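So the chains spell out like this:
There are 2 protein chains.
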Amino acid sequence: MSFRTTLDLLLYDWLLVQRLNSRERFSEHSRETFDAVLDTCERIAADKFAPFNRLIDTQEPRTETDSAGNLRVLLPQATANAFQAYVNSGMLSAAQNFDIGGMQLPYVVETAANAFFAKASVSIGFGMLSVGNANLLMAHGTTLQKKVFAQNQFSGRWTGTMCLSEPQAGSSLGDITTRATADGIDSADDPLGPRYRLSGNKMWISAGEHELTENIIHLVLAKIPDSQGQLPAGVKGISLFIVPKRLLHLNFSGNPAEPQVSLGEHNDVALAGLNHKLGWRGTSNTLLNFGEGRHPVQGHSGALAYRVGLPGKGLQYMFHMMNEARIGVGMAATMLGYAGYEAALSYAKTRVQGRLLSDKNPSTKPVRIIEHTDVKRMLLAQKAFCEGALALELYCASLVDEQHTAAAESADEARLLLEVLTPIAKSWPSEWCLEANSLAIQVHGGYGYTRDFPVEQYWRDNRLNMIHEGSHGIQAIDLLGRKVLMEQGRGLTLLSNRMNASATQAQHLPGLAADAQALRVAVQQIINATESAWASENPAHALANAVPYLQAFGHTVLAWIWLDIALTVTQHDASFSIAVHAGCISAKDYFYHYELPKINAWLQVVASRDMTCANMAEDSF
Amino acid sequence: MSFRTTLDLLLYDWLLVQRLNSRERFSEHSRETFDAVLDTCERIAADKFAPFNRLIDTQEPRTETDSAGNLRVLLPQATANAFQAYVNSGMLSAAQNFDIGGMQLPYVVETAANAFFAKASVSIGFGMLSVGNANLLMAHGTTLQKKVFAQNQFSGRWTGTMCLSEPQAGSSLGDITTRATADGIDSADDPLGPRYRLSGNKMWISAGEHELTENIIHLVLAKIPDSQGQLPAGVKGISLFIVPKRLLHLNFSGNPAEPQVSLGEHNDVALAGLNHKLGWRGTSNTLLNFGEGRHPVQGHSGALAYRVGLPGKGLQYMFHMMNEARIGVGMAATMLGYAGYEAALSYAKTRVQGRLLSDKNPSTKPVRIIEHTDVKRMLLAQKAFCEGALALELYCASLVDEQHTAAAESADEARLLLEVLTPIAKSWPSEWCLEANSLAIQVHGGYGYTRDFPVEQYWRDNRLNMIHEGSHGIQAIDLLGRKVLMEQGRGLTLLSNRMNASATQAQHLPGLAADAQALRVAVQQIINATESAWASENPAHALANAVPYLQAFGHTVLAWIWLDIALTVTQHDASFSIAVHAGCISAKDYFYHYELPKINAWLQVVASRDMTCANMAEDSF
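Protein sequence lines correspond, in order, to chains A and B. Just so we're aligned: 438 in numbering that gives the first Met the number 0 is position 439 of the first sequence, and the numbers increase by one with no gaps anywhere. Just so we're aligned: 498 in numbering that gives the first Met the number 0 is position 499 of the second sequence, and the numbers increase by one with no gaps anywhere.
Keep in mind that a hint or two might mislead.
For identical chains, the list gives no copy identity; a pair is met inside one copy or between any two copies.
[To be verified] With a Cα cut of at most 25 Å, we get these calculated BS3-like pairs of lysine-lysine:
1) Lys364 <-> Lys312
2) Lys364 <-> Lys348
3) Lys312 <-> Lys359
4) Lys146 <-> Lys235
5) Lys359 <-> Lys235
6) Lys235 <-> Lys364
7) Lys145 <-> Lys348
8) Lys146 <-> Lys348
9) Lys348 <-> Lys235
10) Lys312 <-> Lys145
11) Lys359 <-> Lys597
12) Lys597 <-> Lys235
If you're looking for bench data, these hints aren't it; they were derived computationally from the structure. All figures in this text were calculated on a predicted structure; none of them were measured in a lab.
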């Protein structure tokens, strides 16, 4: 079935998102308005994104030194066109209130609509970063910070970045050393917020420098030194700052609530260089130097910065949006996998080679390779991985909507389920849709290894997703070390109950009973392994095999998702074509027969608290 | 332990290759002569290969049109230097007889010595292709074909190619359409062999065009039409031909057994273009047009070709060397994995980030990442995969020596074991050492995703190995459809007996008893799954899950290899340092605890003859 058919099935038949219009926030929406957004995004992605996905890979961002000695970043024209088309679509403010020009779309529909862009060219756009930046300011900024910094991103006038990592501190944010010292002017004197000067280096900053827009709004984590000049230790010492690339002049002479904003001098932020990556080359990835004096402000070095919220709360603010950011990574991984699946399916339907195993006559005509069982196996695996991952991401996105708009008890359950599922939503597609991309190459044979076909790029692009926004190992520790324990394990219980509820629904249906039982067993294995891992109450024992736990947990969740989709197509049989119904059932069968049994091997080391790896001596490697 | 320590342990302590000097062919050799070869190769690889591995990736082969309108291939100078150093090492004729300038090295030592080059830069050299080409001629060519075409490759004067695939027929060689028609001169008239004119297109030809040597010897599969001009169907209609890029003039006026060879006109072979690949960019990969009239020979089109052996035996001759070719691919995959492991280990020992799980004090100093359990897990997996794969390849290489030099019964057993193990030797490292490369990226975090570190290139390079020289799917069908059945299953019985013999040796040793039992169970599961797969005697049922079978079989073989290595270090405890002993035992433990249990999931679908994939309807994808 086409991607759009899949999306419609998941949104309207499985998640029933059309029912969201009973909520006040979404009351002006309907399936028709959702479809209109999907149609628009599908069209723009096809016109302005997909045709340029190879171009942005071969013409990766490069730098040029301008006459003033500053590094400029050069991007292809296609990137500017794609960005402008995305701005024009209104998607930057899709989720915002009507009163600031938004569409008040449910997050799940926004996520579905953005899927078209991710599938067409995952790295050409960087709207997502601006939206994340602006959302954070909407949650924690002052009224003026929202108006000036967030709304100019929602409109596409400016773009934004998230500056967390430093060269010496990637995942370990407690060790950042970017320093923020008060600028000697108290907050009353600058309407944009308490003023600081920042100095430090930030690494892995996507879209950290470009000329697509006249300004870039950096959100930067930094530490405020104590009176002895010492930086506070750990994550509790981190504060959050707004650092515009170019400083602003505000003119309040008209309506004081609506100041006119014009651009002033260059702030003390300089591009130190670009990272040259394996993939994801449509987006520039930068090393930024803050406050090194390349662009002194008012005569001295230090990047002018406005604090957001309270000192010491920076990481908390940044992580407020973490669930959505991680769903975003999961969606990117999913859509890369899906793009590869589409390419492999199309190739397999046309490429002629070999004969069926039953045909020993070399004079018969060769068949299309989709007729070979092993090619079918590779395609069905891709379908099960990518459609399953898409369903998971949309489910998680729908939980975000529940959290924000459902009645109190449901909202709280949605929040807790999201806490538990987010590590899976981020990690599972990044591992298994990458595997899907590898299978897409394999279906193409030697051609898949050439740059004449798109699948090798998808595979390269997708390799990023297990690394950024919290690596696989970090997701695993988050899941087993925090999420399944929090609130006395209530999140795990809640999720288990939901999974078992699907099993109960399925157990009397023809063709689903065995899977229902297999899911129940898997859920119990997860619960048992969780308990066994923590039986000695020692994190070093419990977390020694956190990644195999994450893998088993993810496969169990996906098995649940597939059973639940199978329930939908079985119970509403008449609404689906025979082909769609059979496709869902086959993908579910594939997952239960080929994938779910893998959890035994993963959970065995978790349950036994296997210390083979933990005890490995360095000199024995 | 260092790579050389590993190699020494496997060669001299585990395989006891020094004992080969009791065989007449190797009687002039000893550990000292083997070590001298290893030393030389290690040094040349470090000097002439490793430093240029990134360069040959960024400066991939490109073409230029010369004044005559012909496409030339341009390669970096480093490639020429590496090739010349390899020629000077004598490795091209390492296995050849002393009387033609060879070293009469055992194949296992040749394989070990070549490992240094594969680890340093897998694609810069293309000596292996020439050796394969020349070996084939030594087995099936005439005396003069050997002297002219093979020996000039062993000396490095010329290089060779293998031209099998065609654009419309990759793996399906029975469908090739390259046509060979008699040149009207019978064999008596041309001392180089029966003369034909070839026309057709050959795809994926490595080193098909370059200017490093003055001539290139193509070995080409083609079909001889019948009297109606029809090509014979299937693989039985394939013949083998020698097509030199430049034609030869032989002068027999001196010693008629040693004709002087000089180069004549360009043969009718033309470069149609280069394939631009994901990796493996040190080697040009070409599309060649034979006989299209670009370089008419004696006034008319058709590439002048000399038949090798009998008509219709081409594929049989080509596959004569297939076991070695597939061991070569397995070694390439293994050494790419190993190179990544070395890089990741080195990075993990120096990169400082984060704190131990037990340390909640953010003021303590961060640790080197090798101290984190999950990093240890990723390194230990790489060690278990890559050292295990290396052991497997060397074991298979030693079987080649057994096959050629042992007493009759042992030689026959070695032949049969090789038949069964070759699909594993080719497929297992191509899958799991690729996974090792992915783990090496993961250990590096974001840095691993940049081209500033070597690991992303290893991962790209390694993705080829599941595709070429018989894809994963083809290896799987070869194993389950042919190798485990041949000679009434005697090969599988022989291998099972060897695996169980190791288990018997291990079962009373402390620390190995449980693994011995696990291996026995796994071996029996393989035997049972093989029988269940074929229980309906229907290839479509049996082979529907040939790839999962291949995966399970491979993991079982590797478990055996690791138990056998553990036996060696346990029984000869005193000879190894504590670190080496512990490293082998930990890798074995890792394999038995984390990897071997995976076979259950794979074998389940094999044993149940699961038809989920086979029955998938095309319109349900």
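Quick one: Lys146 to Lys348, C-alpha cut-off 25 Å, is that within a copy, between copies, both, or neither?
Answer is neither; intra-copy 52 Å and inter-copy 48 Å both fail.
Under a CA distance limit of 25 Å, which applies to Lys145 and Lys348: within one copy, between copies, both, or neither?
neither (51 Å within a copy, 45 Å between copies)
At 25 Å max between alpha carbons, let me know whether Lys235 reaches Lys364 within a copy, between copies, both or neither.
For Lys235 and Lys364, only the inter-copy Cα distance (17 Å) is at most 25 Å; the intra-copy one is 69 Å.
I want to check one pair: Lys348 and Lys235. Are their C-alpha atoms no more than 25 Å apart within a copy, between two copies, both, or neither?
Close neither inside one copy (56 Å) nor across copies (28 Å); limit 25 Å.
Alpha-carbon proximity between Lys146 and Lys235, which holds within one copy, between copies, both or neither at 25 Å:
Classified as neither; 28 Å inside a copy, 77 Å across copies.
With identical chains treated as interchangeable, where does the CA-CA distance between Lys364 and Lys312 reach 25 Å or less: within a copy, between copies, both, or neither?
between (69 Å within a copy, 23 Å between copies)
If the cutoff is 25 Å on CA atoms, where do Lys359 and Lys235 land: within, between, both or neither? Let me know, please.
between (70 Å within a copy, 13 Å between copies)
Could you place Lys597 and Lys235 in one of the four classes (within, between, both, neither) given a Cα distance threshold of 25 Å?
Close neither inside one copy (40 Å) nor across copies (42 Å); limit 25 Å.
Have a look at Lys364 and Lys348 and pick one of within, between, both or neither, based on CA distance no larger than 25 Å.
within (15 Å within a copy, 57 Å between copies)
With identical chains treated as interchangeable, where does the CA-CA distance between Lys312 and Lys359 reach 25 Å or less: within a copy, between copies, both, or neither?
The answer is between: 19 Å across copies meets 25 Å, while 71 Å in one copy does not.
One pair to classify: Lys312 and Lys145, alpha carbons no more than 25 Å apart. Within, between, both, or neither?
within (18 Å within a copy, 78 Å between copies)
Since the copies are identical, ignore which copy is meant and state whether Lys359 and Lys597 lie within 25 Å (CA to CA) inside a copy, between copies, both or neither.
neither (35 Å within a copy, 34 Å between copies)
Of the numbered hints stated above, those contradicted by the structure are hints 4, 7, 8, 9, 11, 12, listed in ascending order.
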